Structures are given as structure tokens and as C-alpha cells.
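Asks: In our numbering, the protein residues as written are 1321 to 1992.
None of these hints come from the bench; they were simulated from the model. Source: prediction; values computed, not measured.
Below, a list of computed lysine-lysine pairs in the PhoX-like style, where the Cα atoms sit at most 20 Å apart:
{"#": "1", "residue 1": "K1388", "residue 2": "K1415"}
{"#": "2", "residue 1": "K1890", "residue 2": "K1584"}
{"#": "3", "residue 1": "K1883", "residue 2": "K1908"}
{"#": "4", "residue 1": "K1689", "residue 2": "K1415"}
{"#": "5", "residue 1": "K1772", "residue 2": "K1536"}
{"#": "6", "residue 1": "K1989", "residue 2": "K1533"}
{"#": "7", "residue 1": "K1529", "residue 2": "K1989"}
{"#": "8", "residue 1": "K1689", "residue 2": "K1989"}
{"#": "9", "residue 1": "K1584", "residue 2": "K1883"}
{"#": "10", "residue 1": "K1581", "residue 2": "K1890"}
{"#": "11", "residue 1": "K1415", "residue 2": "K1989"}
{"#": "12", "residue 1": "K1528", "residue 2": "K1807"}
{"#": "13", "residue 1": "K1890", "residue 2": "K1910"}
{"#": "14", "residue 1": "K1883", "residue 2": "K1910"}
{"#": "15", "residue 1": "K1713", "residue 2": "K1941"}
{"#": "16", "residue 1": "K1908", "residue 2": "K1890"}
{"#": "17", "residue 1": "K1807", "residue 2": "K1584"}
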Amino acid sequence: MYQLRLTLVALVYKAANNFYGYQNPLLLQGLEGGKVGMLSSTLLSSVLAPLFFVPSLAITLTQPTQLKQLTYDYVIVGAGNAGLVLASRLTENPKVSVLVLEAGVSDQGVIAAQAPFLGPTLTPSKKFCAVHSTVSAQRYFPDTLYDWNYTVVPQEGLNRRTFAYPRGRLLGGCSSANYLFHQYGTDEDWDRLSANSGDPDWRWSNMKKYIQKHEKFVPPVDGHNTAGQFIPSLHGFNGVASVSLPGNNQTIDSRVLATTKQLKEFPYNQDMSGGDHSLLGIGFLQSSAGGGVRSSSSTSYLARANDRPNLTVVINAYVTKLVQTGTTHSGLKSFRSVQFTSSPGTGPTPAGTSIHFIALGPMTATARKEVILSAGSIGTPQILQLSGIGDSKFLKRLNIIPVVDNPSVGDNLSDHTLLPNLFSVQGTQSFDGVLRDQNAVNAAVEQWVQNKTGMLANNVVNNFGFARIPSSASIFKTTRDPAPGPKSPHWEIITSVRQNFYFNPGIPSPSSGSFMTIVAVLISPTSRGTVKLRSSNPFDRPLIDPRYLTTDFDVFTMREAVKAILRFTKAPAWSDYVIGPFGDTFAKAKSDAQIDAYVRGLTTTIFHPVGTASMSSPKSKSGVVNPDLTVKGTDGLRIVDASVFPFVPSAHTQGPVYLLAERASDIIKAAN
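Work out the full structure: start from the sequences and follow the hints.
Replies: Rendered as C-alpha cells:
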């Protein structure tokens, strides 16, 4: 992966410099001392030329000072997974004007935002996690242009480790930088949301219609026969965003499928999208990609609005607070203005706590109808608190004047934890061999550039699945089952023929040998954390404390997942392939106590935060938004992003957020 990263960084560095017209010092640092000569000049030119041939995106401005007006019908904060869905849907009415403020940069010309295999390399902090102190943390995850560069506070349940907490900081947000997994959660997830909020229209029976609006299921890039790999009736074929099956066979695919026949514990599942079709079992990954190219909210929803003069998107626009614009007769506080400033780039931050901006002074945009926060599960509670919406006692300690007292803001953070389990395997047919060979890396890049096929045109994962802890497990004598229902999983299994593809410095990355990684993910966690302001300075990164593995259920489930993965590799299908667990800690983890120590020492996160502005019924004293996504105690303000989910869904979160945003668009249209 090191060789591929150097090749990629050289491309991204040149692309960013051409786009911005200056040399970004962070990307320069990423070139490892100037080692950019990984590609011939001819190949480099062939890569860069098609990257910069892109269509214009509505009215896209690179600086806030380029705005010719500051009043719109809607002002959307955040051009991520949900924000661009809203922008696209609301501007279907040519009489409606929308301004989108995005703190990050453009995704145009960024090869890692386009080639599916390269998703993990777009934000280097995804690679550098699980360090042991805040001091060493600075060494492992330098700031990067495409990431918010957050870190978590030392985690008590993880031996007080701290690590990077990636969030996409570019058009498309995390949909431009994630691992492309695409599911919708189970019907039980959505029915629980409906019951929790008191709104029957959040039930799956209503929400599933939005799949048809959102999804455009397309053939895999290699064109193979997909019979038996998905269920057509569960999908949309005429929607906006592309979804596809793997198009590059991995050497372990046949062994994974054989295991589903050999072990009843891991049955085959023909379709892994969820809904009212069970997610339990192992099947083929569905990725947010089509034709060998990532399909993000930018390349799908924003692209379809290219020719709309009623849509204005501004990148490098950093929102510092919402501005109260009045009070209604019923006492609700109106928030229809947004204060923001210019943020053309980030700079080195020795203390690791602040973002350095070249600010050009505050500006204010006003919405005639609504301000919509789509800043994500970290950004949204940060902006709310900076605006005086939050726990009044906490805000006063930071010298912020409380406007709406709501202690739920920034609470209830829920996330999926992740543990990569590395196995030594026989043979040489793995990604490891390719990534160590610079000629092979160059060939893979050139193949993708020329025809969008090959290794880079596909995800690093082909097969994955979901499982439950048996109902007879001892943990259920003291803990209520946290899953939303019997069809919903407790943990996830992900397989790939790559060492440590969810990079973890706690696991050594040898320079030789072949490896397989089987990842365990906690899907129904009971631990809850917080996102709180560090100070009243809007440029200070917030304090993120997910409180991972702080409940008995979470530790028990991760322990049982490790045991299950070891059973998985003992199936006959692996007898001539798997040598054994790699690393002394993993290999020697036999007893429950040893497995728990292994889990606590290496677990990190798969980056699916939700819940920090959670939805609840209008009568509930807890929660931040009503079922219609309006912020409690306010007027003219809604939140549409993953922060409104009270529970983390049984899925990688981009799929559920797409459905959330599609319904939110209908709600907003109907209300105005």
C-alpha cells in the first residue's frame, strides 16, 4: 500500500495545486520528502489530463467572497451525503433558490475520490489510527486537505488509546471518501425509528419507496453474470446514484462461498441490501460505484443539477455559527441566518486541537424559508452549540450565551467499532504482492485511467456478512438485546485478501508474505458518547468521546465475534490456505480474558457516528429534532444528516442517510 500511496499522493498533490493555484504544505509533507517519481511523466500526464476535464457544477464558487447575493430560499450547511441530496431535490423547482455552504474542497480532479479501490487513501488519517497517546498521535495522522482531521479523546474502554476520526471534507463529504459499502439497514431499524419518533411514515413500509428514487443498480464493471448474487426486486434501476456488485474476483471468494455451505453458522445470503429481506448471513458486497467509478452524492445528485442557475454551491466556506433572527409568537427562536468565513486551506497544527484558516472576515447568508444543517454527526452538534443551542450550563462555562436550552445536543453518540483480524495465508495471489510491486501499481493505475477496469475499479472487499449472538448467550441474562429485532445483526464480518486493509499500527505490516484480513464490526452497540465544544472558538476541533467498549454487551459481542471468525477459518474450505492468526497477541488469545485484552488493545472504529442530534417525538423531553427534522425550540431550522438517528443502523450509514435525505426533501417541500 505504501507504493500505491506515494503514487496517489503525487497525483492528488498536483491536482490540488492546479485547482487552487498554490502549493499546499500538507500534501507536500505527504510526499515523504519529495519522493514523487513513482510514475513516468507520460503516465502522469495521461492520468491528470482526464481528471481535469469535468463539467461545471451549477454555480460553483471557490470562495465565499465570490457570492453576488446573500439571500436564498434555503441555506444548506454541508455538501455531504445528505446536503447534496437536498440541494438537488429542492432545486427541481426552478423558482426555489438554494445556497450550499461547504467548508471543504472540490472533489473534481481527485483520483482517490473516483477510483473505488483508493477510498482509504483519500484521507490518510484512516490509515493511521490506534496510537497510544495524544503525543504520539501527532506522529501518526498529519493533517490532510480532504479530511477534518478529528481525533477521539483517550478511550477508557480501549486502554486509553486515542486515534484518528476521519470525516470527509470535500464535495460529497464521506460519500466521496468512504469504503463505498451500500445497504439500507433492516426494516426493524426503520420501524424502531418510527416508534421512537411517533411518526408512522418513518416505517420501512413507507421508506422503501425511496430506494427507487435514490438507487440506480448497474452491472459490475467486468460484466459477469450476477444471477444468484442479488435480488432485483429489492433494488431501484432508474434512480440517481449508482450501486453495483464486485467486478474483480478475489482468490478467497470461492472459499467464502464454500464456507457458507459447510458451516450453518454462516449461511449464504443472496442480497445484502437489507430492508424487509434479512441481512443475516454472508453474501456479495454492494458498492456505491458504477462503471469502475465511485458514485458519491457529488457525482450523482449534484451532477444532475449542473444546469440549474437556482443552485449555488460555495466550497471553502466555513460556518462559524447560526444567527438568531427573531422569536415567534409562540416563543420559538428563529434561526434563518448563517455566519461563515473563508477557509481556503488547512495548515499544520502542532497542538493538534485547532484548524488554521486564512479567514477573510465573517459573512452572513439568510434563508427566506429555512436553514438546513447537514454538517454530519460531528459538525452539526458543534455548530448548534456555537450558536447557543445546547446544554445551557455547559455553554455558560464557555462564555456562550444560551438561546435554546437542550442538554441532548451532542449526547447519545453511537458508532460501530472495528477490529481487523489478520491471518497468514498460503500462496501469492493477494493484493499484498501487487501493492509491493511498483510496476504492478503503475499498471493498475494506467488500466483504470484508460478504461476504468482492473483492481482500482473495484472495492477492496467482495464478501461480507452479518450475524447475531445466540439468544441463549449468557449476556442476555443481564442485558436486554439492543438490536431492533430478531432479523437485525449484532456484528458484521468483512473479508479481504489484504493485510490490515483497515490500517491499524497496533498490527504489524510485514514487507513479505501473503495475508487475509477478516474484520469484526460491532453493529448494535450499547455504549454511548458525546461531542462537545472544546472552547467557544469555532476553529477548535470538538471533543469527541465515543466511549467505545464501555458496556458489558459491547465487550462480550466483540469477544464472541473473534471466536466466530476463528471458527470461520477452521472450515474445510480454508484448510490448504489459512496458516493461522498473525501476530503474537492474536495467536495467543485463547481465554476470554486474553481475547478481551486483544480486543481492547486493537479495536478502533469503522467511522459511522450517529445520534448527536437525535430524533424523538414532539412530546419527548429528550432529543434534538422532531419527527419532521425541525430543531426543538426553534423556527426555520432543520437537521438532515446522520446525527438525527437515535440508534446506529444495522448498516454502513451512507445508505440510510440517502433514504433519510430523500424523505426529508419531500417533508421540506410539503412544508413550504
